Amino acid sequence: MTWLTRTRRGAALTGLIGSVLIIGAVYLFTESRSETDYVWPTFGEVWAAFQDTWLFENVGSDVVPSLKRMFIGFFIAVVGGVGVGFVLGSSRVLDALASPVVSFLRSIPAAALLPPAIVLFGIGDVTKIVVIAFVCCWPIILNTRDGVRELDSTMMSSTAIYGITGLSRFRLVVLPAVSPRIFAGMRVSLSIAILLLVTSEMVASADGIGYFVFLAQQRFAVDDMWAGVILLGLLGVALNFLLGVVERIVLRWHRSADLL
Amino acid sequence: MLEVSGVGVTYARGATTTKAIDKLDFTVSAGEFVGIVGPSGAGKTTLLKCMSGLLRPTSGAVVLHGREITQPPLEMAVVFQDYSRSLYPWFDVQRNVVLPLRHGGRKMAKDAALAATAEAIKAVGLEGFEEHHPWQLSGGMQQRVAIARALAYQPEILLMDEPFASVDAQTRAELEDLVLQVREQFGITIVLVTHDIDEAVYMSDTVVVLSRPPSTVQEILTIDLPKPRHQATTKTLPEYGKLRTRVYESIMVPDSRPASV
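Residue numbers (UniProt numbering), protein chains in the order written: chain A, 1 to 260; chain B, 1 to 261.
No lab work stands behind these hints: they were computed from the structure.
On a predicted model such as this, the values are computed, not experimentally measured, just so you know.
Each hint should be verified, as a subset may be incorrect.
[Said to hold, decoys possible] Derived Cβ-Cβ restraints for the label pairs, each shown as a range:
1) A:L105 - B:D177: 55 to 63 Å
2) A:D95 - B:G41: 56 to 64 Å
3) A:A11 - B:K122: 44 to 52 Å
4) B:G41 - A:G166: 41 to 49 Å
5) B:Q181 - A:L13: 50 to 58 Å
6) B:A12 - A:G124: 52 to 60 Å
7) A:F121 - B:E131: 30 to 38 Å
8) B:L74 - A:G122: 54 to 62 Å
9) A:A111 - B:G139: 32 to 40 Å
10) B:E130 - A:V246: 24 to 32 Å
11) B:A12 - A:D95: 16 to 24 Å
[Said to hold, decoys possible] Stretch-level coverage of chain A by chain B, calculated; a stretch enters the list once three of its residues show a Cβ under 8 Å from a Cβ in chain B:
12) 102-108
13) 144-157
[Said to hold, decoys possible] Every beta carbon over 10 Å from chain B, so not counted as near; a handful from chain A, in silico:
14) T14
15) V26
16) D52
17) K68
18) G83
19) V93
20) A111
21) G124
22) P176
23) A184
24) R187
25) I230
26) G233
The C-beta atom is built at its ideal place from N, Cα and C for all residues, glycine as well.
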């Protein structure tokens, strides 16, 4: 029986069995509810709602705006986070100066930033992008900073010996060496980005998936609501998978190095 | 050519200071192979850092061609013990070797850099592995890459810090002979830091024995064994045994100095 957990194919099969059992249980549960129970729609009803809204009528009106906000916010967080992380990692003095403020800012619960952001930027895209970028940058800043600080001394000695300095040093040595840490930060930030996206769309928006789910609940369209939730789950899985693929390509050397 | 004159290093950590090196004086002539041995903690690696310009000595100076070394000089290359951390895992063998030539102090033209790289890779016997990544190679082969990188940089002086301490005995003997061979081929001066007395005697023209820390020069021995050296024959010569014993006794000599901080 150990092959079920130890081999890749066995693990996939085990996962499939688990999924079938759990989904089957939920299916039987929803089917057993009376037809008047609107809180627990059947799979068929949710699937019908999913088809009606997400294949593909509301993709342009809700999914695209949501993804656009998330990607812009996440992109700003990555670029800004890596930049600030490098600065803090390179200078003990700056890091010490910034440390208390950084600790405070990253401790603010993300959703609490929405009201001030709305006051500052209105209820348009800018608010959501700013909040996502602001909250997502911390894991990337901290990981990048630690990565720069923990640069291997032998590697940096070699680099110094051969006179590799300045931009070459950064581009060819430091950035690749820190990139595993940057990706670790990006993975954490991506989950936060999705969370913040939905929250911000529920609080103040005129479109987006979060807005759709919230509105569906408000107008008792429970089938639509569940369909939206399932879409968000699938989206999360897909985005994480995508980031994983990018990471595997960029860090091919790193993964392989770990195997030995 | 290279003078270590009055070099002393004191590490300060908070209120406590540790004197790693008291005062060292010796010279390395052009073309010479100098082995530096000493008991563990004798500051061998610290000395090498001073010689390569990575660390400024607290007192004294290392002088190359009459100029004090304050930063890593163009005329030097270093091979470290830990090949897995001195090579760049994200580059293949060729890029690892060519990187210092194109983007480091040498600023070579592309063609010249590629030619120097090919020659160095050939010299260490890694032809055909140019597109392998370091992690696809054995430890001994990785250290060959590090040696090739140093050779391609065309240094006058090659510093080696325990370069064979992390490979198995068989590979170690192979790499020792490789270094002796490329030394002839490229005509470079080599300073080898090692804890291995056999290795120091086998490879060197001169062995500098450091004392216990804070270290001083215990003894400087001339190794007049015939060249080229050979793993089997050289090590069976009676002179080899005598020199080996001499170095051993020099290292193991009880510390006669009064205990000091």
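Quick rundown of the hints versus the structure:
1. Between A:L105 and B:D177, the C-beta spacing of about 60 Å keeps the proposed range 55 to 63 Å intact.
2. For the pair A:D95 and B:G41, the beta carbons lie near 33 Å from each other, so the given range of 56 to 64 Å is not met.
3. Checking the proposed 44 to 52 Å range against A:A11 and B:K122 shows it holds: the Cβ atoms sit about 46 Å from each other.
4. Taken as a hint, the range 41 to 49 Å is violated for the pair B:G41 and A:G166, whose Cβ atoms sit roughly 36 Å apart.
5. Checked against the given bound of 50 to 58 Å, the beta carbons of B:Q181 and A:L13, roughly 56 Å apart, stay inside it.
6. For the hinted restraint 52 to 60 Å between B:A12 and A:G124, the CB-CB distance of approximately 57 Å keeps it satisfied.
7. Taken as a hint, the range 30 to 38 Å is violated for the pair A:F121 and B:E131, whose Cβ atoms sit roughly 51 Å apart.
8. Distance hint for B:L74 and A:G122: a CB-CB separation of about 59 Å, consistent with the stated range 54 to 62 Å.
9. Hint check: A:A111 to B:G139, Cβ distance near 52 Å, so the stated range 32 to 40 Å is violated.
10. At about 28 Å, the CB distance of B:E130 to A:V246 agrees with the hint of 24 to 32 Å.
11. At roughly 22 Å, the beta carbons of B:A12 and A:D95 sit within the given window of 16 to 24 Å.
12. Chain B is given as covering the region 102-108 of chain A, and this is violated because 0 residues of the stretch bring a CB closer than 8 Å to a CB of that chain, at least three being needed.
13. Counting residues of the region 144-157 of chain A whose C-beta sits closer than 8 Å to any C-beta of chain B gives 4, which meets the bar of three, so the coverage hint holds.
14. With a closest Cβ-Cβ approach of about 31 Å to chain B, A:T14 is found to remain outside the 10 Å limit, as its non-interface label requires.
15. With a closest Cβ-Cβ approach of about 45 Å to chain B, A:V26 is found to remain outside the 10 Å limit, as its non-interface label requires.
16. Distance to chain B confirms A:D52 as a non-interface residue, since its nearest Cβ pair spans about 48 Å, more than 10 Å.
17. Interface exclusion of A:K68 from chain B stands, the closest Cβ pair being 33 Å apart, more than 10 Å.
18. Consistency note on A:G83: stated as away from chain B, and its beta-carbon is indeed over 10 Å from all of that chain's, at 21 Å minimum.
19. No Cβ of chain B approaches the Cβ of A:V93 within 10 Å, the least distance being about 19 Å, so the stated non-interface status holds.
20. Non-interface call for A:A111 relative to chain B: holds, since the shortest CB-CB distance, roughly 39 Å, exceeds 10 Å.
21. Every Cβ of chain B is farther than 10 Å from the Cβ of A:G124; the closest lies at roughly 41 Å, confirming the non-interface assignment.
22. A:P176, annotated as away from the interface, has a beta carbon of chain B within 10 Å; the closest lies near 4 Å.
23. Listed as a non-interface residue, A:A184 keeps its Cβ farther than 10 Å from every Cβ of chain B; the least gap is roughly 17 Å.
24. With 10 Å as the threshold on Cβ separation, the claim that A:R187 sits away from chain B holds: the shortest Cβ distance comes to roughly 20 Å.
25. Every CB of chain B is more than 10 Å from the CB of A:I230 (nearest about 40 Å), matching its label as outside the interface.
26. Every beta carbon of chain B lies more than 10 Å from that of A:G233, the smallest distance being close to 35 Å; the non-interface claim holds.
Hints 2, 4, 7, 9, 12 and 22 from the earlier list are contradicted by this structure; the remaining hints agree with it.
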